[in-house]
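Chemist: Fit chains X, V and R to the known structure of chain W by using the hints.
Residue numbers (the numbering used here), protein chains in the order written: chain W, 1 to 276; chain X, 1 to 276; chain V, 1 to 276; chain R, 1 to 276.
Treat the hints with care, since some could be wrong.
Copies of one chain are not kept apart here, so a pair can be met inside one copy or by any two copies together.
[Stated by the list, open to error] Simulated pairs of lysine-lysine, DSSO-like, Cα-Cα distance not exceeding 27 Å:
| hint | residue 1 | residue 2 |
| --- | --- | --- |
| 1 | Lys79 | Lys54 |
| 2 | Lys29 | Lys261 |
| 3 | Lys261 | Lys195 |
| 4 | Lys29 | Lys54 |
It is worth saying that the hints were derived from the structure and are not from the lab.
What follows is the residue order along each chain.
There are 4 protein chains.
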Amino acid sequence: MTEPYTLVGRQARPEDSEIRVGDALVGGKELAIIAGPCSVEDRDQVLQIARAVKQAGAKFLRGGAFKPRTSPYAFQGIKEDGLVLLREARAETGLKIVTEVRDVLTLEAVAAVADVIQIGARNMTNFGLLEAAGDLRTPILLKRGMSATIEELLMAAEYVASRGNLNIMLCERGIRTFERYTRNTLDLSAVPVVKKLSHLPILVDPSHGVGLWEHVPAMALAAIAAGADGLMVEVHHNPAEALSDGPQSLRPDRFAEMMLKVRALAGVLGRTLEAP
Amino acid sequence: MTEPYTLVGRQARPEDSEIRVGDALVGGKELAIIAGPCSVEDRDQVLQIARAVKQAGAKFLRGGAFKPRTSPYAFQGIKEDGLVLLREARAETGLKIVTEVRDVLTLEAVAAVADVIQIGARNMTNFGLLEAAGDLRTPILLKRGMSATIEELLMAAEYVASRGNLNIMLCERGIRTFERYTRNTLDLSAVPVVKKLSHLPILVDPSHGVGLWEHVPAMALAAIAAGADGLMVEVHHNPAEALSDGPQSLRPDRFAEMMLKVRALAGVLGRTLEAP
Amino acid sequence: MTEPYTLVGRQARPEDSEIRVGDALVGGKELAIIAGPCSVEDRDQVLQIARAVKQAGAKFLRGGAFKPRTSPYAFQGIKEDGLVLLREARAETGLKIVTEVRDVLTLEAVAAVADVIQIGARNMTNFGLLEAAGDLRTPILLKRGMSATIEELLMAAEYVASRGNLNIMLCERGIRTFERYTRNTLDLSAVPVVKKLSHLPILVDPSHGVGLWEHVPAMALAAIAAGADGLMVEVHHNPAEALSDGPQSLRPDRFAEMMLKVRALAGVLGRTLEAP
Amino acid sequence: MTEPYTLVGRQARPEDSEIRVGDALVGGKELAIIAGPCSVEDRDQVLQIARAVKQAGAKFLRGGAFKPRTSPYAFQGIKEDGLVLLREARAETGLKIVTEVRDVLTLEAVAAVADVIQIGARNMTNFGLLEAAGDLRTPILLKRGMSATIEELLMAAEYVASRGNLNIMLCERGIRTFERYTRNTLDLSAVPVVKKLSHLPILVDPSHGVGLWEHVPAMALAAIAAGADGLMVEVHHNPAEALSDGPQSLRPDRFAEMMLKVRALAGVLGRTLEAP
Chain W
1 MTEPYTLVGR QARPEDSEIR VGDALVGGKE LAIIAGPCSV EDRDQVLQIA RAVKQAGAKF
61 LRGGAFKPRT SPYAFQGIKE DGLVLLREAR AETGLKIVTE VRDVLTLEAV AAVADVIQIG
121 ARNMTNFGLL EAAGDLRTPI LLKRGMSATI EELLMAAEYV ASRGNLNIML CERGIRTFER
181 YTRNTLDLSA VPVVKKLSHL PILVDPSHGV GLWEHVPAMA LAAIAAGADG LMVEVHHNPA
241 EALSDGPQSL RPDRFAEMML KVRALAGVLG RTLEAP
Chain X
1 MTEPYTLVGR QARPEDSEIR VGDALVGGKE LAIIAGPCSV EDRDQVLQIA RAVKQAGAKF
61 LRGGAFKPRT SPYAFQGIKE DGLVLLREAR AETGLKIVTE VRDVLTLEAV AAVADVIQIG
121 ARNMTNFGLL EAAGDLRTPI LLKRGMSATI EELLMAAEYV ASRGNLNIML CERGIRTFER
181 YTRNTLDLSA VPVVKKLSHL PILVDPSHGV GLWEHVPAMA LAAIAAGADG LMVEVHHNPA
241 EALSDGPQSL RPDRFAEMML KVRALAGVLG RTLEAP
Chain V
1 MTEPYTLVGR QARPEDSEIR VGDALVGGKE LAIIAGPCSV EDRDQVLQIA RAVKQAGAKF
61 LRGGAFKPRT SPYAFQGIKE DGLVLLREAR AETGLKIVTE VRDVLTLEAV AAVADVIQIG
121 ARNMTNFGLL EAAGDLRTPI LLKRGMSATI EELLMAAEYV ASRGNLNIML CERGIRTFER
181 YTRNTLDLSA VPVVKKLSHL PILVDPSHGV GLWEHVPAMA LAAIAAGADG LMVEVHHNPA
241 EALSDGPQSL RPDRFAEMML KVRALAGVLG RTLEAP
Chain R
1 MTEPYTLVGR QARPEDSEIR VGDALVGGKE LAIIAGPCSV EDRDQVLQIA RAVKQAGAKF
61 LRGGAFKPRT SPYAFQGIKE DGLVLLREAR AETGLKIVTE VRDVLTLEAV AAVADVIQIG
121 ARNMTNFGLL EAAGDLRTPI LLKRGMSATI EELLMAAEYV ASRGNLNIML CERGIRTFER
181 YTRNTLDLSA VPVVKKLSHL PILVDPSHGV GLWEHVPAMA LAAIAAGADG LMVEVHHNPA
241 EALSDGPQSL RPDRFAEMML KVRALAGVLG RTLEAP
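Just chain W, with the same shape it has in the complex:
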């Protein structure tokens, strides 16, 4: 296929895109660190974690209010209440809010709060949602589908872009393979490949990528070394009681320790990570 990526391809824009989110930029020299709980559970939880990740140097708070779950009977998030708490966390900490949209119906509510709207792996080929997100101008964090090729990820971004929203950051979060020790297989080669094919920034989510907190720091460092523009990391102050994804969530102290290493690494690689 020659030049299939009309808008998100390198040929459309030879220099890297930098996505503005308030006073932050994603895709430039400064690494973007998004951290927080899988799900927003209650005020205490989200504020406690927000303060901790901010103190460690994160500029973005992640937290799911509407959760797409495999089972209709699993915890689906606290929904609108979660958005209220995220807004409160932003007001207190100044962190930018990254939160997932579950479907077209909840897009408006999410867009009213989010600084960055996350489209998750399960929705990467939900073309109606991609188009609706393309009609907004809010930055979109688009995660690679579990069995999506890199080409398909870029084509999904092209759907968003084709409606006029070029504020897109991509995110590698692991693909499905036969390996059973890890939850997914984090495909870090997607980082240099996307960098070659597209001008869009690409982040890495090592938490979903491996599914085991103890291996998250190693993969976070690897992601940065591979050239990623930032990280999305699950942090929980009490992983054992998290309502979702506890096994892959870092405790705040471990996250802070990891951030020190990321900062040291950034220096060697020509990237920066502001001290908190």
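Modeler: Below, chains X, V and R alone, put in the same frame as chain W:
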């Protein structure tokens, strides 16, 4: 996991479910054959193919009006015009219409025409769409996602069922693997496994499963022998000029020949396939 | 790649190859049924199972004497003693012996007894072993590797053929995918694809393909319907106490029941399966 | 499974193993860099590349004399002549020789020259070869099979170890997935996982991992950041005319440039890489 399938599991209903579509039943002794073009292109095309597949014994006409495509620049179907032509084909031939819904926004239009609403592989985890389909009572044909486990397919069905619509037929259409000769790897073991775990009917789409028309008949026969309740097959009178999926579409004469073999096989397996 | 299969390709021999094994032929009209235990355990076991599978219509007895196992500490077979018992089972029942070679060092011992030498999935790219097998004239049953493409399977056969041994039967036994309910994903599309590309017979092993005995009959029928030249099935009179692969072994009565269905199917498909 | 790795597991040896290769150690603080051509082609080629990789800081020269290839008709290496040239390259440069054994029959010849014997991905379940390698005391570089789980890789190492040879270094080289842009999917999460489960060193081969030279440096850096004990990299002075693996081979100048970055990274990570 013990008994996770509250509504679609065998424990909820030990006998096989038979889904009524007008005067036809899917999931009983009679095999359900769905055939037709990938996309509805024009009146001539759809009527010509509809007549041919009816004559060969199909009771259901497939044909996409709204096409979810990897690229936003690929042919996306002729949309509402396609629905009109499908209605016309039904009026003339009596075939039941199976057509895909692309997103929540087009669900109402599709539901107004379709006898069976198809939710395709790319939408299997579009939970908003699954729930909206669950609010209808129209039968749903739910295709397995490209990297969905059988458990996830059943959980997607559970989403539909949990909203009150138990009129669900599942469809195996191939999964993503490393093999490159075929388009996907048709996982026929999904047939007996679904039969064990669930009371819902399961069909097989050998056209997407292998992606090469010449191997479709062999895989169609294999699907029936594995216990499938029916087939979904792409047929086009002029595959070389089809606007989508030409390489995997059977010509009507080859489809008719295949149907003779399916009928012979059905007899041995305790199934039936009415002569046209 | 154009015509890469110099010796095993269709262009080398347009008609199907029939492999002679004593008074039996594999690859002709008559289906070849290979059945027996995963491992030869003791005289009683192998003779009891041999009689049962013969009575049900199998012409070939499978049984591992040298077992390649993932762990060096797992049961590795009873080795030379197993070969003695297989010889004895042949003397009593007249069944042809199919047994696996573990490595080059045991090839001579295996070749002295086997009517068909099995090269298992783990050895499909053991090129030294393929070449040594190519120097013999004993028929070779070559199983597809767990992650081998169909092209690589045919190239492995080409290794054997290039040394002069064209007595090769291929065997699909499931590939590795993300699906976890089944042990492997049985890729039945390999059957028509191999038939198109090569003149060699292809069998299917549904036991390893699904790994669960209750789904073996469905997949055996599907394999025959897809055009396979025969089956390789694990049968054990006491699966619960089998030293290996118990969960995927059929009891003799269930195997006999399956054979009745295979015979009925064969008739419809233009194949034969002699009554026992 | 509890503690399945009797000899190579962490419980057998809580501290990291350091494998001695002459005056070098693999698995300690110092990173081990193995570089060189895919295949030894001629004296000029191997000496020229050997000098270049030594100058850039590699301590080990890779080069295949016996090449396991998918097709029996592909270039299979220059065999014994290659071993002679590798010996000559060692004599001139002092580099340690890492070269692959193709099968049991060539083990003695390879062992007579190699400082480290490579067992490649295609032979990871060639148990006869693993055992024969276990009877030696030469260090073994054991590569992960294309579809091997991490557990199976460690079990293959256990085969070698169970015969008394604990001088084993593991190597991640990419697994088979559906992604088609890269040759394989480099599973860097294998690095921290192996580190947790085993005391053996683990290296990474980014050349086979991605199959495209331009992405090799990014993945090499990522591997080191993930905690790998070293790298195995294909370098060729004239990739366009290499007899094998040209597209994934770095030119010497690019390799040298990459090594500068690896050295800088090592410092931050508490590892060392001696200046050349």
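Chemist: None of the hints should be skipped; say for each whether it holds.
Modeler: Going down the list of hints, with the structure as the test:
{"no.": "1", "hint": "Lys79 to Lys54", "result": "within (23 Å within a copy, 48 Å between copies)"}
{"no.": "2", "hint": "Lys29 to Lys261", "result": "both (17 Å within a copy, 18 Å between copies)"}
{"no.": "3", "hint": "Lys261 to Lys195", "result": "both (23 Å within a copy, 19 Å between copies)"}
{"no.": "4", "hint": "Lys29 to Lys54", "result": "within (19 Å within a copy, 33 Å between copies)"}
Of the numbered hints stated above, none is contradicted by the structure.
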